[in-house]
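Colleague: Letter by letter, the chains look like this.
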Amino acid sequence: MKINVLTFAQTRTQLGFGEKVFDCEPNETPREIFRRLAPEFDPGKTIRVAVNQEYADWDQPVGEAFELALIPPVSGG
Amino acid sequence: MKINVLTFAQTRTQLGFGEKVFDCEPNETPREIFRRLAPEFDPGKTIRVAVNQEYADWDQPVGEAFELALIPPVSGG
Amino acid sequence: MKTHIEFTRAPIVVPAQKNSSREIGACLEFSGIVRELEHGKTIPGLSYEAHEPMARTQLEKILRELGAKHPFEEIFFIHRLEFVPVGEASLFIRITSRHRQASLAMMAELIDRLKADVPIWKNSETV
Amino acid sequence: MKTHIEFTRAPIVVPAQKNSSREIGACLEFSGIVRELEHGKTIPGLSYEAHEPMARTQLEKILRELGAKHPFEEIFFIHRLEFVPVGEASLFIRITSRHRQASLAMMAELIDRLKADVPIWKNSETV
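Chains as they are written, first to last, in our numbering: chain A, 3 to 79; chain B, 3 to 79; chain C, 1299 to 1425; chain D, 1299 to 1425.
No lab work stands behind these hints, which were simulated from the structure alone. Some hints here could point you the wrong way.
[Claimed, not checked] Label pairs and their computed distance ranges (CB to CB):
(1) C:Glu-1304 / B:Asp-59: 23 to 33 Å
(2) A:Glu-27 / C:Gln-1315: 30 to 40 Å
(3) C:Glu-1386 / A:Phe-24: 12 to 22 Å
(4) A:Pro-41 / D:Glu-1304: 23 to 33 Å
(5) D:Glu-1321 / B:Asp-59: 27 to 37 Å
(6) C:Met-1299 / D:His-1337: 56 to 66 Å
[What the hints assert, rightly or not] Distance condition first, Cα-Cα at most 16 Å in a straight line; then the derived EDC-like pairs of lysine to aspartate or glutamate:
(7) C:Lys-1420 / C:Glu-1321
(8) D:Lys-1359 / A:Glu-69
(9) D:Lys-1359 / D:Asp-1410
(10) C:Lys-1420 / C:Glu-1386
(11) D:Lys-1316 / C:Glu-1321
(12) C:Lys-1339 / D:Asp-1415
(13) B:Lys-4 / B:Glu-66
(14) D:Lys-1300 / D:Glu-1334
(15) B:Lys-47 / C:Asp-1415
(16) C:Lys-1359 / B:Glu-56
(17) A:Lys-47 / A:Asp-61
(18) A:Lys-47 / D:Glu-1386
(19) B:Lys-47 / B:Asp-25
(20) C:Lys-1316 / D:Glu-1386
(21) D:Lys-1339 / C:Glu-1321
[As the list claims (entries may be wrong)] One-sided and incomplete, this derived list gives chain C residues near chain B with beta-carbon spacing under 8 Å:
(22) His-1302
(23) Thr-1306
(24) Glu-1386
(25) Leu-1412
(26) Lys-1413
The C-beta atom is built at its ideal place from N, Cα and C for all residues, glycine as well.
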């Protein structure tokens, strides 16, 4: 299946793209997908992941998700 | 000495005037002055008194005060 | 910390916004509006009276006290007196500060103090 | 409880005030303004980016959650994106409610939640 991967702020710099479509399997977790597409990238404890625009678990399979987004610490306002 | 007495809201209705000049002595307290000029009036626990535009004690002599005001519970805003 | 205290018998005119400093990060404005129902009764408006010089003195004291805890840049405080029809503002407060927390805490505490200690009274005028 | 959420790339235009109900007693407005000093450095402004659809979803969820505790009449939430020069607003929030407490609590908690959970980021642009 295809999944749209979005990055923002410092994660866009780290990964070198803002939006890209990747292949993945429904039983893959966000952590596994990012390990595959950006082996150097470590989310640490501060970067969250969103699946279909909801905060999600790094270790929960993505299922039929259409979108995966890296959410570094936010700073709106 | 002369003292200017002000009343507001329900105390104006109770005393029947909004502003009036009275004679008093520096060693009289607000309670004594009001007992003399409005014997029926009872400040109870909710009506405060202001001497020279500062909240004051009902039982403290007024001294050289120029103004005595009855301050029923306030409701601005 | 600049303060402006005003009492008016006409509809409140919100003062123009000009930032006095490039370090202001928050501007908070509150309008208190007269509601149609007062203790379950429909009213045309509220009438306000004040001991104006004492209200001003008390407000200045309260602003000094609260400003020591919540440093602000500038406060506009405007209270309308006499008759205020339903739907119009009886009170307007603007607070500017570097950080939002000071404005928010200041606003909440200032209105609490206003309603406890500043000699202003409302009387509902029933039809 | 009506909510309006808007993202704009132009200077924020404060929406006209029309009271939707004669039972509104409080109108609270917050503007978040870009300050000149960011971590001790002078900046010309800040650039904001957002995951816009997710930011909107998160805000709607937060407004539902907070509205259950602090019943409000209407909320306007406007966040500016891209470059915002010093002295201009990056954020505008208007909350109307029957009583002031709901607007004040809502405003404080909404901004806290915005700064914790809504996918919007600022980047300072140094000269």
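Colleague: Would you list, in rising numerical order, the hints stated earlier that this structure does not obey?
Modeller: 2, 3, 4, 5, 6, 7, 8, 11, 12, 14, 18, 19, 22, 23 and 24
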